[in-house]
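J.: Make the full structure from the sequences, and use the hints.
The primary structure of each chain is shown beneath.
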Amino acid sequence: MAMYGVPPGITNPPSPLPAGADGEHPKTTGTLVLVFVFLAAFATYYFVNWKLLSLVWRIG
Amino acid sequence: MHTALEPPKGVWWKPAGRAEKLWVGIAFGWCLVLFAMMPLWHLKGEQNTTGIRRKVEPEAFQARTIEFIQQYQIGTEKGIPVVEPPPGSDVYLLARMWNWVPILKLQKGAEYTLHLSSMDLNHGFNLYPMNINLQVVPDYDYALRIVPGEAGDLRIVCNEFCGIGHHTMIGKLIVVDESAETVTYGGGER
Amino acid sequence: MSTAFRTCPVTRLKVHSQADALIKANAVAATIFLIVGGIAAFLVLLTRWQVVHLLDAAWFYRMLTIHGMSMLIFFILFFEMAVLYFAGPVVLSSRVPAPRIGWLSFVVMAIGALTVEWAMWTGRADVMFSSYVPLKAHWSYYLGVILFAVGALTVVGLFFASLVVAKRERTYEGSIPLVTFGALTAAIIAVVTLGHGAAIYIPTFLWSIGVMHVDPAVYRLVFWGLGHSAQQINLGAMVALWYMLGALTVGAVVLNEKISRSAFVLYILFINMAAAHHLLVDPVAGPAWKVWNTSYAMYLAVLASMVHGFTIPAGIEVGQRLRGVTQGMFGWLRKAPWGDPGFSSLIFSIVIFGFVGGITGVTFGTEQINLIAHNTLRIPGHFHATVVGGTALAFMGATYYLIPLIFRKQVAFWPLAKIQPYVFAFGMLVFTMAMTFAGTFGVPRRHWDITFSNTSFDLQYSPAVDLVIGIMAVGGLIAALGGAMYVLVTVWSVFFGRRFDLETVKTGGQI
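Residue numbers (this note's numbering), protein chains in the order written: chain A, 16 to 75; chain B, 43 to 232; chain C, 5 to 515.
Note that these hints are calculated values from the structure, not bench results.
Careful: at least some of the hints might be erroneous.
What the hints assert, rightly or not - In silico SDA-like pairs for lysine to any residue, Cα to Cα no more than 20 Å straight-line:
1) B/LYS86 <-> A/PHE62
2) B/LYS51 <-> A/PRO31
3) B/LYS120 <-> C/ASP462
4) B/LYS63 <-> C/ILE263
5) C/LYS339 <-> A/PRO41
6) B/LYS147 <-> B/ILE108
7) A/LYS66 <-> C/ILE263
8) A/LYS42 <-> B/LYS63
Claimed, not checked - Computed Cβ-Cβ distance ranges for the label pairs, DEER-style:
9) A/ALA56 <-> C/ILE423: 23 to 29 Å
10) C/ALA468 <-> B/GLN112: 38 to 44 Å
11) B/PRO129 <-> C/LEU485: 34 to 40 Å
Note that CB positions come from ideal geometry on N, CA and C, so glycine has one too.
T.: Given below as structure tokens:
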């Protein structure tokens with residue numbers, strides 16, 4: 016039931032979790048894929064910057 | 043299971059699931075890589091920030107800079123002395139509102155010890171077009187060994203806010219290649 | 005003072021009327037400073053876009069100072085005070101202890117903030133957010149900051165007291181919820197931060213009236229104990245709101261309390277030392293100090309953020325799967341309520357904070373890499389992604405729930421509110437990435453004229469810089485439009501909005 020000016024999380028709150036769901040939870044494959052994409056982006060940007068640094072003058 | 047708005051009841055210190063353990067382990071491993079890179083670069087890399095760092099009175103630094111200028115001055119441009127120190131020497135660059143003194147003329151491939159300090163406020167040393175950045179703090183002398191890698195007509199931009207004239211604070215640094223023709227960077231001579 | 009409670013028809017939480025009132029007051033104050041800081045942002049942007057170059061130099065630096073203080077200190081901290089009143093008394097169904105002190109702190113903070121604004125607008129404090137000694141502002145500027153910090157610190161104390169009261173009066177069973185735990189870490193970091201604030205602003209105030217000397221390098225060290233740690237208050241509050249928005253919008257679960265809470269504790273333990281990454285190319289500290297503080301210390305805080313960056317989406321995924329949304333690998337994300345501005349804000353906030361803000365921050369905070377990043381546009385590019393694309397966007401998402409739940413008003417211009425996170429996030433994404441990229445060419449931050457039109461030596465950046473700055477400006481303008489939409493929606497809802505009464509729509513509903 017949608018209502019003007021009220022977020023759906025309030026008018027249609029998430030249904031209660033099925034009983035006995037405690038303990039083992041379903042797999043989080045989707046999230047794992049996303050965090051690995053993040054790690055790949057992180058590593059790429061990080062090492063590209065080391066490469067950029069290596070191109071400037073010797074300093075120390 | 044419960045949401046983050048509900049108080050967990052009983053003991054919540056429970057073993058983590060496999061996916062959580064896997065990610066925490068990988069993330070920690072990555073953090074170790076991040077940690078290892080800095081000491082490694084001190085050993086193998088050619089760009090470091092260590093230098094020689096010590097306290098200095100602004101007046102003393104200015105006196106030393108003037109002495110340095112008198113010793114090696116070869117000319118003047120826009121009212122600022124041009125100085126050509128010999129390779130291997132200590133060179134002094136003074137930041138003040140709002141210019142860099144003097145104009146240094148250095149040789150490509152030679153090593154110099156570059157001393158930076160400020161007469162008044164914090165300034166920022168940004169070398170164009172190399173994009174080397176250092177903080178210039180009054181009362182402190184930052185001395186770094188530096189080896190110009192390319193010849194050219196370079197600029198020193200102030201990149202720390204230092205008052206109303208901050209954006210006019212620009213200096214010049216010339217690098218000559220004794221063995222080849224000079225390459226011109228940026229806008230060149232005016 | 006009234007001590008009546010109402011029961012929230014949505015969350016079933018008992019809400020103390022003083023908590024309601026204090027949240028409203030602090031949220032309204034936050035919005036006022038958001039408007040001030042936003043106007044300043046718009047003017048600064050149109051000046052740095054050299055095609056327009058709107059302000060003269062004096063007003064550019066003045067506006068930049070106003071933008072920094074209004075946003076980074078006044079907007080964010082007032083909003084965080086509201087978050088503390090929410091995460092403490094409201095989430096725990098408890099009363100606000102000593103509400104009079106809450107109001108007194110509010111007044112002290114307001115007086116402090118107005119004093120600083122007065123000093124800045126009248127040209128007595130053109131010193132930037134960082135106000136590096138020996139660059140001097142009028143003494144009233146430092147005094148205003150001290151007053152504001154004292155007020156904020158008192159609210160933090162009140163938050164701790166509310167936890168004790170709730171525990172003693174048994175308003176909840178078990179341990180405090182994760183959202184409250186996150187707010188607690190933000191509050192603990194706030195104590196450390198404001199301690200540094202006192203340690204630096206009191207001597208600086210005394211210096212400004214000529215009583216004592218402040219060493220410029222020591223100032224930079226202690227100032228960043230405040231300046232950077234203050235961003236970790238934002239971080240703690242933002243992550244707490246991420247968990248809250250996940251719970252409210254899709255019923256996200258907590259995968260493992262131990263992991264999430266340990267990650268919050270890592271923030272408390274290590275983030276303060278990470279302030280060292282502001283001094284990586286300073287002429288004082290040696291390599292061991294730099295490496296220690298920015299590696300062991302900072303990377304354990306980075307680890308904490310990477311853990312939250314997993315547990316929050318995974319909590320959403322598990323919550324969705326448990327409710328039968330099991331199609332494929334990303335069905336849980338595709339079937340999510342993308343029309344709920346609380347949800348879209350949450351996802352965009354995580355993405356911009358992590359992918360742009362986090363990655364750039366850790367990279368630039370590496371000892372040697374800082375040589376090619378310090379004080380260039382790469383730095384504001386990084387922190388606009390964390391503080392604006394991350395924190396401010398999460399605050400915006402939370403506001404869409406705050407308006408019906410606390411102000412008990414319907415969100416006005418609802419279709420506009422639904423697209424607002426998309427506009428703002430897209431603008432910020434373009435803006436921050438372009439700004440960071442421009443900095444790669446060495447373009448300085450805090451600079452009025454990068455064409456160097458009136459200088460003794462000329463400098464002409466590559467034409468690519470003009471293009472990138474142009475893209476940055478367009479992104480910034482889109483973000484400004486998104487910000488204006490947010491202000492319009494919230495101000496209209498709060499002052500002219502229709503009353504929200506859930507009972508007329510349906511009865512009850514547990515989260």
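J.: If a hint holds in the structure, say so; if it doesn't, say that too.
T.: Verification of the hints:
| no. | hint | in the structure |
| --- | --- | --- |
| 1 | B/LYS86 <-> A/PHE62 | holds, 15 Å |
| 2 | B/LYS51 <-> A/PRO31 | holds, 17 Å |
| 3 | B/LYS120 <-> C/ASP462 | holds, 12 Å |
| 4 | B/LYS63 <-> C/ILE263 | holds, 9 Å |
| 5 | C/LYS339 <-> A/PRO41 | holds, 17 Å |
| 6 | B/LYS147 <-> B/ILE108 | holds, 16 Å |
| 7 | A/LYS66 <-> C/ILE263 | violated, 35 Å |
| 8 | A/LYS42 <-> B/LYS63 | holds, 13 Å |
| 9 | A/ALA56 <-> C/ILE423: 23 to 29 Å | holds, 27 Å |
| 10 | C/ALA468 <-> B/GLN112: 38 to 44 Å | holds, 42 Å |
| 11 | B/PRO129 <-> C/LEU485: 34 to 40 Å | violated, 56 Å |
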